[in-house]
Amino acid sequence: MSKTEYTVEDFMLDPEFRNWVLSPDEEAKAYWEAFLVEHPEKYKEVELARRTLLNLSRSVTEVSEHRIELTWTAINKGVEEAGDDNAERRVVPLSAETTLKRFADRPFIRSYRPNLQFYRVAAILAIAFSLGVLFSLTHQEAELAPIEIPLVYEEHEAPPGVKSNLTLQDGSKVILNSGSTLRYVKNFEAERRELFLTGEAYFEVAKDSLRPFTVRTGPVSTTALGTSFNISAYENESHDVSLLSGRVNVVLGFEQPYQIDLHPGEALNVEVGEGSHKKQRFREEKVLAWTKKTILFEQTPMEEAIRVLENWYGVKIEVLNRPGKGVLLSGKFVDQTLRGVLEGLSYSARFDFQVDKDRVTLRFDTSS
Amino acid sequence: MSQIPKSNGKISAELLWESLKSGDKDALEQLYRRFIKELFRLGISITGDADFVQDCIQELFIDLWKYRANMKSTDNVKLYLFRSLSNKINKERRKALRWSERQQHVSERYPRFLESVETKLVNSQREALLQKKLAKAMNDLPTRQNEVIQYLFFENLSYEDTAKLMGINLRSVYTLAWKALSALKKAVLWFAFPLVHYLS
Numbered sequence: 001m002s003k004t005e006y007t008v009e010d011f012m013l014d015p016e017f018r019n020w021v022l023s024p025d026e027e028a029k030a031y032w033e034a035f036l037v038e039h040p041e042k043y044k045e046v047e048l049a050r051r052t053l054l055n056l057s058r059s060v061t062e063v064s065e066h067r068i069e070l071t072w073t074a075i076n077k078g079v080e081e082a083g084d085d086n087a088e089r090r091v092v093p094l095s096a097e098t099t100l101k102r103f104a105d106r107p108f109i110r111s112y113r114p115n116l117q118f119y120r121v122a123a124i125l126a127i128a129f130s131l132g133v134l135f136s137l138t139h140q141e142a143e144l145a146p147i148e149i150p151l152v153y154e155e156h157e158a159p160p161g162v163k164s165n166l167t168l169q170d171g172s173k174v175i176l177n178s179g180s181t182l183r184y185v186k187n188f189e190a191e192r193r194e195l196f197l198t199g200e201a202y203f204e205v206a207k208d209s210l211r212p213f214t215v216r217t218g219p220v221s222t223t224a225l226g227t228s229f230n231i232s233a234y235e236n237e238s239h240d241v242s243l244l245s246g247r248v249n250v251v252l253g254f255e256q257p258y259q260i261d262l263h264p265g266e267a268l269n270v271e272v273g274e275g276s277h278k279k280q281r282f283r284e285e286k287v288l289a290w291t292k293k294t295i296l297f298e299q300t301p302m303e304e305a306i307r308v309l310e311n312w313y314g315v316k317i318e319v320l321n322r323p324g325k326g327v328l329l330s331g332k333f334v335d336q337t338l339r340g341v342l343e344g345l346s347y348s349a350r351f352d353f354q355v356d357k358d359r360v361t362l363r364f365d366t367s368s
Numbered sequence: 369m370s371q372i373p374k375s376n377g378k379i380s381a382e383l384l385w386e387s388l389k390s391g392d393k394d395a396l397e398q399l400y401r402r403f404i405k406e407l408f409r410l411g412i413s414i415t416g417d418a419d420f421v422q423d424c425i426q427e428l429f430i431d432l433w434k435y436r437a438n439m440k441s442t443d444n445v446k447l448y449l450f451r452s453l454s455n456k457i458n459k460e461r462r463k464a465l466r467w468s469e470r471q472q473h474v475s476e477r478y479p480r481f482l483e484s485v486e487t488k489l490v491n492s493q494r495e496a497l498l499q500k501k502l503a504k505a506m507n508d509l510p511t512r513q514n515e516v517i518q519y520l521f522f523e524n525l526s527y528e529d530t531a532k533l534m535g536i537n538l539r540s541v542y543t544l545a546w547k548a549l550s551a552l553k554k555a556v557l558w559f560a561f562p563l564v565h566y567l568s
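Protein chains in written order, with my numbering: chain A, 1 to 368; chain B, 369 to 568.
One or more hints might be untrue.
[As the list claims (entries may be wrong)] From the derived model, a few chain A residues whose C-beta atoms are all more than 12 Å from chain B:
hint, residue
1, E9
2, R51
3, L54
4, T71
5, I75
6, G78
7, E80
8, E81
9, F196
10, H263
11, E271
12, H277
13, R307
[As the list claims (entries may be wrong)] Subject to a maximum C-alpha distance of 27 Å in a straight line, what follows is the list of computed DSS-like cross-link-like pairs (lysine-lysine):
hint, chain 1, residue 1, chain 2, residue 2
14, A, K44, B, K405
15, A, K3, B, K446
16, B, K393, B, K456
17, B, K393, A, K77
18, B, K405, A, K77
19, A, K42, B, K446
20, A, K77, B, K446
21, A, K186, B, K446
22, B, K547, A, K44
23, A, K173, B, K504
24, B, K504, A, K186
25, B, K547, A, K3
26, B, K440, B, K456
What the hints contain is simulated information worked out from the structure, not anything from laboratory work.
In this text, a Cβ means the ideal position worked out from N, Cα and C, and glycines have one as well.
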């Protein structure tokens, strides 16, 4: 059927049309605009289809955690009962004798099993029913709490030892480093895209000139329109904003607010505690190493290196005989095991190490 | 100890499915936890009755365990679960209707909120009243018509998957959806235009 014969319903059923209405891209836009220019008589149908589609809604009920747990308890009960049953059925007769035996037993089993099955089912239903009654008596209120639609926050957390790749609803890509959290209003708000970050993340921002993309890390806000940049903002460390392409504007919300524009290749290094900042050049290799499974230390203070390793591998590191003056560590490790990294570092920094599951002990050599 | 963890530490549902088949009870629980919210959401939006859906889901998972040895492998666990739930609901419903009319009334007890098809665009493009009206119209659709809209528009399944899921052929999916949309369209027209305008 050609699109000129489309009814309102046909438009809505056309996946390409749906794409255009719900997640338009340049190509779809051009296509349907051309279609409308050629067939202006279809405008009414197209508009009605678009409006219906945009507003198509279903009412959903969010089930409470309680219901989820109760349901699982009931299933578990049922599973335990069924488990035995299954085990019996799986006996495989190995010899003729056992086969015969099995058939000899059969009439007996036959009269017995359905009964047992009946009681089992009855028991399961009884348990489920009483749980249901109990539930509706005790927990009705919990489920009655109204759910607010506006400003639902979405939170992504990459625990230590895990990195995660996200694509946001607007098409922006984010790589979240270990031990980091990213929070934002679900689907973003109408006039801005605002995200809250603790830890480190790399952003590739999808272009949307009407909605600036702002990442807030404490008092530092980084705003972009369509760029890629990396932000490292772990607690108790300096906040670094490194720009790879495009342009960003950073606002420092200290007592004296301050605005800085960054150009590609520039990084802003903010000491949040002191309220000071400096601009410097950065090397892409170093800043983005973490997105390429690479740990890169270049004269890195030991405290920072330990934080990196703890996050990266999801371990706790304890230091014995901590040397008085600051130790700086250097080394590059691509896709290495924790042991490999520690081994590499131990020679120059002079320490022994022990790995016991997720606990690591570094013991510095004090003789020197 | 593998030092570089996978980018998202999740085991795929399909792998869990295989473990379940070989008798791993943890896999059953993990599958449950992974899909339970979606299953409830789907079930409730089809039937409007949380208790009823809970019963169906319970039976569904107990059945999964009981018949795990005979289950086929699947490359889409979610679809399989949706299909099983849809079957259960339709079967139980036919049974339930015979002796009770407890349906529909129950639904009023639970809070509900609207979920829209459109998630990528800005809120301001939607019209709240019209959304309510359409959600109501969805509820009033016959079950199978309601179901087909859920799958195609809210779960974003393809026509092929929807056909498989509902156990009908592609042509019927299309016809069913067409009928449902036709009813929904009417809701918009009544809402939006004076009657005369529409008839002209």
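B:K393 paired with B:K456 [C-alpha distance capped at 27 Å]: Holds - the C-alpha atoms of B:K456 and B:K393 are around 22 Å apart, at most 27 Å.
Does the no-contact call for A:T71 survive, Cβ to all of chain B over 12 Å? 5 Å, violated
Satisfaction of hint between B:K405 and A:K44, Cα-Cα up to 27 Å: Violated, at roughly 39 Å.
Taken at face value, is the distance from the CA of A:K77 to the CA of B:K405 at most 27 Å? 20 Å, holds
Taking only the CA atoms, is the gap from A:K3 to B:K446 under or equal to 27 Å? 33 Å, violated
Can we confirm that no CB of chain B comes within 12 Å of the CB of A:E271? 32 Å, holds
Take a quick look at whether B:K440 and B:K456 sit within 27 Å of each other, Cα to Cα. 18 Å, holds
Is the nearest Cβ of chain B still more than 12 Å from the Cβ of A:L54? Answer for A:L54: violated, closest chain B Cβ roughly 5 Å.
With the threshold set at 27 Å, check whether the alpha-carbon distance from A:K77 to B:K446 stays at or below it. Satisfied, since the Cα-Cα distance of roughly 24 Å is no more than 27 Å.
Holds or violated: A:K186 and B:K446, Cα atoms, limit 27 Å. 24 Å, holds
Taking the closest pair, is the beta carbon of A:R51 still more than 12 Å from chain B? 6 Å, violated
For A:E81, is the shortest CB-to-CB distance to chain B above 12 Å, so the non-interface label stands? It is violated; A:E81 is separated from chain B by about 8 Å at its closest Cβ, not greater than 12 Å.
Going through the hint list in order, the structure does not satisfy hints 1, 2, 3, 4, 5, 6, 7, 8, 14, 15, 19 and 23.
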